[in-house]
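Student: These protein sequences, in sequence, are chains A, B and C. Count the first sequence with our numbering and you get residues 1 to 346, in order. Count the second sequence with our numbering and you get residues 1 to 346, in order. Count the third sequence with our numbering and you get residues 1 to 346, in order.
Hints are computed from structural coordinates only; laboratory data are not their basis. Among the hints, a few may not be true.
As the list claims (entries may be wrong) - Below, in silico cross-link-like pairs of lysine-lysine (DSS-like), each with a Cα-Cα straight-line distance of 27 angstroms or less:
(1) A:K343 <-> B:K343
(2) B:K343 <-> C:K298
(3) B:K342 <-> A:K49
(4) B:K49 <-> C:K298
(5) A:K342 <-> C:K339
(6) B:K339 <-> C:K298
(7) B:K339 <-> C:K343
(8) C:K342 <-> A:K339
(9) A:K339 <-> B:K342
(10) A:K343 <-> C:K339
(11) A:K342 <-> B:K342
(12) C:K343 <-> A:K343
(13) C:K343 <-> A:K342
(14) C:K342 <-> B:K342
What the hints assert, rightly or not - Not close to chain B: a few residues of chain C, all C-beta gaps over 12 angstroms, as computed:
(15) V161
(16) D228
(17) R330
(18) E335
(19) G338
Being a predicted model, the structure only gives us computed values, none of them experimental. Where a beta carbon is used, it is the ideal one built from N, C-alpha and C, also for glycine.
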Amino acid sequence: MAGPFTLAQIASRLGGRVVGDADIEIEQVGSLEHAGARQAAFFGSPRYKAQLAATRAAAVVLAPEAESLTALPRIVCQRPYAYFARLSLLLNPSPVPVPGVHAAAHVAPEARIAGSARVEAGAVIAAGAQVGERAWIGAGCYLGEGAAVGADSRLHPSVVVYAGCRIGARAILHSGAVIGADGFGMAAEEGRWLKVPQIGRVLIGDDVEVGANTTIDRGTVDDTVIEDGVKLDNQVQIGHNCRIGAHTAMAGCVGVAGSAHIGRRCALGGAAVVLGHLSLCDDVQVSAGTVITRSIRKPGTYTGLYPFDVHADWARNTALVRHLAELAARIGALEENGKRRKKRNG
Amino acid sequence: MAGPFTLAQIASRLGGRVVGDADIEIEQVGSLEHAGARQAAFFGSPRYKAQLAATRAAAVVLAPEAESLTALPRIVCQRPYAYFARLSLLLNPSPVPVPGVHAAAHVAPEARIAGSARVEAGAVIAAGAQVGERAWIGAGCYLGEGAAVGADSRLHPSVVVYAGCRIGARAILHSGAVIGADGFGMAAEEGRWLKVPQIGRVLIGDDVEVGANTTIDRGTVDDTVIEDGVKLDNQVQIGHNCRIGAHTAMAGCVGVAGSAHIGRRCALGGAAVVLGHLSLCDDVQVSAGTVITRSIRKPGTYTGLYPFDVHADWARNTALVRHLAELAARIGALEENGKRRKKRNG
Amino acid sequence: MAGPFTLAQIASRLGGRVVGDADIEIEQVGSLEHAGARQAAFFGSPRYKAQLAATRAAAVVLAPEAESLTALPRIVCQRPYAYFARLSLLLNPSPVPVPGVHAAAHVAPEARIAGSARVEAGAVIAAGAQVGERAWIGAGCYLGEGAAVGADSRLHPSVVVYAGCRIGARAILHSGAVIGADGFGMAAEEGRWLKVPQIGRVLIGDDVEVGANTTIDRGTVDDTVIEDGVKLDNQVQIGHNCRIGAHTAMAGCVGVAGSAHIGRRCALGGAAVVLGHLSLCDDVQVSAGTVITRSIRKPGTYTGLYPFDVHADWARNTALVRHLAELAARIGALEENGKRRKKRNG
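Next up, chain A with everything else stripped away, as it sits in the complex (with noise of 0.2 angstroms):
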């Protein structure tokens, strides 16, 4: 932790309007449930007001149109949830590493580990590979031949990076998740799977962030590409060749299969799906659990979700949704009755 600070300090910092005492000091961020003596708590929608009447936070980080729903010590700002993502940033900042190779990493004596980046114990780092100046290398990381990572990045424990990917500065890559194993490509000859070398690489930008056990796979021939700021969640799954807009986002358990092209600014939700060779322009959201099988290029929200009900009820609707067309038909001989009688009687 880095504080305590004072409201008035805090606010002098990150920007706000303090509404009551200001020098009441806060050394950490809570939940509005949770939040004790010392702690701020952000509200940021109506559907918490209770929570935000019972709430025993210090103080609390609101938007104006909330600000008179408490009495409490508040900061008034804008976007409250941003507010409080840099708060929280201010109360525990990234720690920074402490540098050197523990003597139990095993580094290739050609590889480059700039004086300031630290290599935990276990992990292995191939020739030609590179680790940026401050760069977290965690236990039992892989390496591999000639793969870079860049200034400030961090590799927690146990993740896996290829031969020749390349990661920017300012990475946050969590254990499990692998960057660089070759893409699905298989070309079919008489009954059998020829595999298709995967040569290319994974290039990604900076500012990344990828989930635990997400995986990104190298390219065919061409590169896998994810630009700068993009968030990727646990358990996704990037194909080869793929090229991933700069700051779009993907939840938990998303796939994109191999070749689709994501625009910049978008945001799918957890477990969808973007079928192959696809691609979708910037600012499109994708709900949960949509199946995207073709292109996209207006921006907007888009969904294809089967709802669910009561099972029961799930039963017998869906039943007719194998029988569409067949009802279509149905209706379409009713209106042609109505107009044949509608003939005869005129």
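Starting from the structure of chain A, add chains B and C where the hints point.
Tutor: Below, chains B and C without anything else, positioned relative to chain A:
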């Protein structure tokens, strides 16, 4: 193996009633299809009658209503599958770890490892971590600062537990499980994502099993909680701040988004998804492949699954799903016409 | 790289007919879009005609019907993608491992490692395990007691093979793959789950590829079997007691629940799910995102995918999915009215 045991010995330990030769010795369990001499199989469903008739097992475990379906020596009991589980555990007791810290494990001097615990080669245990009596930390596992593993728990190779997370007694964590990676907390600000530090922990109760490559994220400020007896299959993803109630089970590839609260004794089928901030009450069953998009307050089974079909039939019917509102309008028009006609004619 | 080769040399090794300058030297494959001098690209689909026209590749591999679409030196052949795979393999042969057990690997004295095999730093190999000729065990891999890896197989870093599991020859296992974790076998008893010991193994045939972070569970009592030539992409989950037929391929994020039997030469699209205890015959194609809920006895393509749409349109149509039975009843009533009217009027 701990056997052999005669049927009489088995029944005296586990209950049930022996029919036929009680002196037959059983040394292992097997399937109806492949069990041989000295093996016991179980019969749990009438759909396996043919296998029961053909089995070469030495004995069969079955329910009273199935008692007369075979002439083989048998143990009759109320819940044959649970009995089979106990019998298999009797014949295949969990191995007790040989205590000791391997010379090639890296344990910080400030960590506390119980004398009866086992730590295998390549494991890395950071300062302040605790490992309980008879716990077993597999090769290449990582325990972060202040992480704790309870008595009699087993971490198979390559499990990562981030700093501060706690695992109870008698847990089983399979390889590749990642406990306590950062939750996916981002605040949008001017087209970029601002990381919200994830300072909560993961707290896992007693008797929990976590499958291979399953991920459970640490909380944003409060903790992510997995209660006693929860069973998670492989590749399950649990988001930050979730609470999973006691004895709930989730099959492979389930995803639970952040801040979802799931009750006790729930069961989620494979690849089911629960969206964020929802609550499921106790005793909810979610079918495989179902996405839960609203809170559930009533026990029962819930399903939302698009029915599969031969591709051409699917294509014909599915095209109409996108025109359901139109179809409904046409039905409405026909009904309206009918009413007008009735009025006119009546 | 193994080249360069002239087009004439390539054709003499791999077949095909050279059109244009057969003495051009090729040292690498490339994409139509990015290939440069000394690189060969392939043209596989008319949708890439523009790229073919603009390519700066030195030569192109294409089918007879496309022969006249370019004036570049070219190799004409029946299946250009399979040819391209062979050409790439010629230019990028799989690396042969430098034999030897790294000083920082931990191999039990009772394990048998072939003299031509390679075991990298941090790998842990338990008693009774076997590693075949020219096999390559990457950094941080784990082989449990009695596990076996066949000749010429490669385990990339951080693969875990549990005790007793067997992998055939020429396998490729990508990082984070977990072979042989316990199947999800639980018997319900009084609101709790009783673990069923998982004593079967995983048996993997020859020429199998397993993607990054893919998991294959051991059988309950019988074995889980992956036949020859099966190709699994990343993050696939195969449950206990499954049998996957020879030369079947599964794209990323597929889940196959326990005891499912899948035939030969099947292909499962990304994120498809097969429920437990089902059988799929040979030559079944399952579309991406489809959940298979019944056994399939006839080859063909099967799909079950909710069509995505602009969110507002989806919302309007999808509300009616839960009222399909009602819509069908209204159609029935209209038909009934029509019949009654006809009777009356006729």
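Student: Indicate, hint by hint, whether the structure satisfies it.
Tutor: Right, here's what the structure says about each hint:
no., hint, verdict
1, A:K343 <-> B:K343, "holds (19 angstroms)"
2, B:K343 <-> C:K298, "violated (53 angstroms)"
3, B:K342 <-> A:K49, "violated (54 angstroms)"
4, B:K49 <-> C:K298, "holds (25 angstroms)"
5, A:K342 <-> C:K339, "holds (16 angstroms)"
6, B:K339 <-> C:K298, "violated (48 angstroms)"
7, B:K339 <-> C:K343, "holds (18 angstroms)"
8, C:K342 <-> A:K339, "holds (14 angstroms)"
9, A:K339 <-> B:K342, "holds (16 angstroms)"
10, A:K343 <-> C:K339, "holds (18 angstroms)"
11, A:K342 <-> B:K342, "holds (14 angstroms)"
12, C:K343 <-> A:K343, "holds (19 angstroms)"
13, C:K343 <-> A:K342, "holds (17 angstroms)"
14, C:K342 <-> B:K342, "holds (14 angstroms)"
15, V161, "violated (9 angstroms)"
16, D228, "holds (21 angstroms)"
17, R330, "violated (5 angstroms)"
18, E335, "violated (10 angstroms)"
19, G338, "violated (9 angstroms)"
Hints 2, 3, 6, 15, 17, 18, 19, counting from the list given before, are not met by this structure.
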